[in-house]
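**Q** For reference, the chains in residue letters:
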Amino acid sequence: MDEMLEQARAFIQSLPHARALGMELIEFGGGSAKIIMPYDDKLIGDPQTRVIHGGAVSALMDTCCGAAVMSHPSRPTTTATIDLRIDYMRSATPGQTITTTATCHHATRSVAFVRAVAVDEDTALPVATATGAFTVELPA
Amino acid sequence: MSRPRPEPIQQVKQRRDAALAALVQSVPYIQFLGVTFDRRGNELTGQLNYHDTLIGNPRLPALHGGATAAFLEITAMITLNWSVLWERVENGQLDPEDMARGNLPRQPKTIDFSVDYLRSGLPRDAYARARVWRSGRRYASVHVEAWQDDKEKLLAQATGHFLMAQAED
Chain Y
1 MDEMLEQARA FIQSLPHARA LGMELIEFGG GSAKIIMPYD DKLIGDPQTR
51 VIHGGAVSAL MDTCCGAAVM SHPSRPTTTA TIDLRIDYMR SATPGQTITT
101 TATCHHATRS VAFVRAVAVD EDTALPVATA TGAFTVELPA
Chain D
1 MSRPRPEPIQ QVKQRRDAAL AALVQSVPYI QFLGVTFDRR GNELTGQLNY
51 HDTLIGNPRL PALHGGATAA FLEITAMITL NWSVLWERVE NGQLDPEDMA
101 RGNLPRQPKT IDFSVDYLRS GLPRDAYARA RVWRSGRRYA SVHVEAWQDD
151 KEKLLAQATG HFLMAQAED
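Those protein sequences? They're chains Y and D, same order as listed.
First residue of the first sequence: 1, per the numbering used here; consecutive thereafter.
First residue of the second sequence: 1, per the numbering used here; consecutive thereafter.
Okay, chain Y solo, but in the shape it has when bound (with noise of 0.2 Å):
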């Protein structure tokens, strides 16, 4: 189980945008994966409130969806996005990690159903959910 987790862990490491956002996954299996992103000045997306921009937690949201397709029982070998929606429930705090945790919730052999949900520190309101359908390519 470790080992799957820091194979994945290496894997997103291995993803430029995911790097260059400092994402960070710290748990992986089961067909759920869990990524924090630490708040960074580089990610604001209003200048007057510094609340990070919501294209920054899509990317996270993306990210953290893939995961969780990778991590499903079926083993797939690959995933991309068909489409993903993002609802901003509230404004992200300043200066806070935002932690992203995404569930597969069906996979056929080709298509996985994916929900996500975005919090920051206060973990009673989320700052974001998502839902998404992604491709799957299952081993030969």
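FYI, nobody ran anything at the bench for these hints, they're computed from the structure.
Don't take each hint at face value.
[As the list claims (entries may be wrong)] Selected chain Y positions facing chain D (in silico; Cβ < 8 Å):
hint: 1; residue: ILE12
hint: 2; residue: GLY31
hint: 3; residue: LEU43
hint: 4; residue: GLY54
hint: 5; residue: ASP83
[Stated by the list, open to error] Per the computed footprint, the stretches of chain D lying under chain Y, defined by three or more beta-carbons under 8 Å from a beta-carbon of chain Y, are:
hint: 6; region: 99-113
hint: 7; region: 131-144
[Unchecked claim] Have a look at the derived ranges for each label pair, beta carbon to beta carbon:
hint: 8; chain 1: Y; residue 1: ASP40; chain 2: D; residue 2: SER2; range: 50 to 58 Å
hint: 9; chain 1: Y; residue 1: HIS106; chain 2: D; residue 2: ASP150; range: 29 to 37 Å
hint: 10; chain 1: Y; residue 1: ARG90; chain 2: D; residue 2: PRO105; range: 18 to 26 Å
hint: 11; chain 1: D; residue 1: ASN91; chain 2: Y; residue 2: ARG115; range: 42 to 50 Å
hint: 12; chain 1: D; residue 1: SER135; chain 2: Y; residue 2: GLN96; range: 25 to 33 Å
hint: 13; chain 1: Y; residue 1: ARG115; chain 2: D; residue 2: ARG106; range: 27 to 35 Å
hint: 14; chain 1: Y; residue 1: ASP40; chain 2: D; residue 2: ASP150; range: 19 to 27 Å
hint: 15; chain 1: Y; residue 1: HIS106; chain 2: D; residue 2: LEU118; range: 52 to 60 Å
hint: 16; chain 1: Y; residue 1: GLN96; chain 2: D; residue 2: SER120; range: 32 to 40 Å
hint: 17; chain 1: Y; residue 1: GLU121; chain 2: D; residue 2: PRO4; range: 51 to 59 Å
hint: 18; chain 1: Y; residue 1: ARG90; chain 2: D; residue 2: PRO6; range: 25 to 33 Å
hint: 19; chain 1: Y; residue 1: ARG50; chain 2: D; residue 2: ARG3; range: 42 to 50 Å
hint: 20; chain 1: Y; residue 1: ARG50; chain 2: D; residue 2: ARG5; range: 24 to 32 Å
Since we're looking at a predicted model, the values are computed, not measured.
We put the CB at the ideal spot given by N, CA and C, even for glycine.
Fit chain D to the supplied structure of chain Y, relying on the hints for placement.
**A** Positioned in the frame of chain Y, the structure of chain D alone reads:
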């Protein structure tokens, strides 16, 4: 009745470009992603300027879906904000120099954003244009399309809803 003498073209262009630059350059994340805007009259085209950290899968290589989503959201948001502010830039209520000093009107907030990925993003520049289908006092609905080499073959499209700044509190 004689109409007022039109402003010199350079003055018009300078004012519009300075106002747009103030909006775009004030946002660190837009700078980080490397998004710039072309303007023709009030029409904007976003450009995602390629660099290596936009890559998701290095084996293909392909643009990260998150970078594509962020580019679409930036183009939708700037196009909406620009359309809302346009009249105040034109009639002089907004001073571009003042905007450049950070005195910017509050920007709309994203309520939701739904991205449809149509093709894998190639490791090169991408372009996007947004259309504001509805811009009310409280809510706006914006559609945005992105492409790379061939405008008929979209890379991705998205629809977003936004809460207007005046509607808050």
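**Q** Determine for every hint whether it applies to the structure shown.
**A** Results of checking the hints against the structure:
1. Hint on Y:ILE12 is violated. Least Cβ distance to chain D is approximately 10 Å, over the 8 Å limit.
2. Below 8 Å, beta-carbon pairs count as interface contacts, and Y:GLY31 has none with chain D, the closest being about 19 Å; its hint is therefore violated.
3. Of the supplied interface hints, the one on Y:LEU43 holds, with its beta-carbon coming within about 6 Å of a beta-carbon of chain D, less than 8 Å.
4. For Y:GLY54, the interface hint holds, the least distance from its beta-carbon to any beta-carbon of chain D being 4 Å, beneath 8 Å.
5. Because the beta carbon of Y:ASP83 sits about 5 Å from the nearest beta carbon in chain D, less than 8 Å, this interface hint is met.
6. Using a Cβ-Cβ cut-off of 8 Å, 9 residues of the region 99-113 of chain D lie near chain Y, which meets the minimum of three, so the contact claim holds.
7. Under a criterion of three residues with beta carbons nearer than 8 Å to beta carbons of chain Y, the stated coverage of the region 131-144 of chain D fails, only 0 such residues being counted.
8. Remark: the range hint 50 to 58 Å for Y:ASP40 to D:SER2 is upheld by a beta-carbon distance near 57 Å.
9. Taking 29 to 37 Å as the suggested C-beta distance range, the pair Y:HIS106 and D:ASP150 conforms, at roughly 35 Å.
10. Checked against the hint of 18 to 26 Å, the C-beta distance between Y:ARG90 and D:PRO105 comes to roughly 21 Å, which is consistent with it.
11. A C-beta distance of roughly 46 Å is found between D:ASN91 and Y:ARG115, which places it inside the suggested range of 42 to 50 Å.
12. Checked against the hint of 25 to 33 Å, the C-beta distance between D:SER135 and Y:GLN96 comes to roughly 32 Å, which is consistent with it.
13. In this structure the hint that Y:ARG115 and D:ARG106 lie 27 to 35 Å apart at CB holds, the actual value being about 31 Å.
14. Distance hint for Y:ASP40 and D:ASP150: a CB-CB separation of about 35 Å, inconsistent with the stated range 19 to 27 Å.
15. Range check, Y:HIS106 to D:LEU118: Cβ separation about 23 Å, and the 52 to 60 Å hint is violated.
16. Separation of Y:GLN96 from D:SER120 is about 33 Å and conforms to the stated range, judged on CB atoms against 32 to 40 Å.
17. Checked against the given bound of 51 to 59 Å, the beta carbons of Y:GLU121 and D:PRO4, roughly 56 Å apart, stay inside it.
18. The supplied range of 25 to 33 Å is broken by Y:ARG90 and D:PRO6, whose beta-carbon atoms lie about 46 Å from each other.
19. Taking the beta carbon of each, Y:ARG50 and D:ARG3 are about 46 Å apart, inside 42 to 50 Å as hinted.
20. Evaluation of the 24 to 32 Å hint for Y:ARG50 and D:ARG5 yields a failure: the beta carbon distance comes to about 44 Å.
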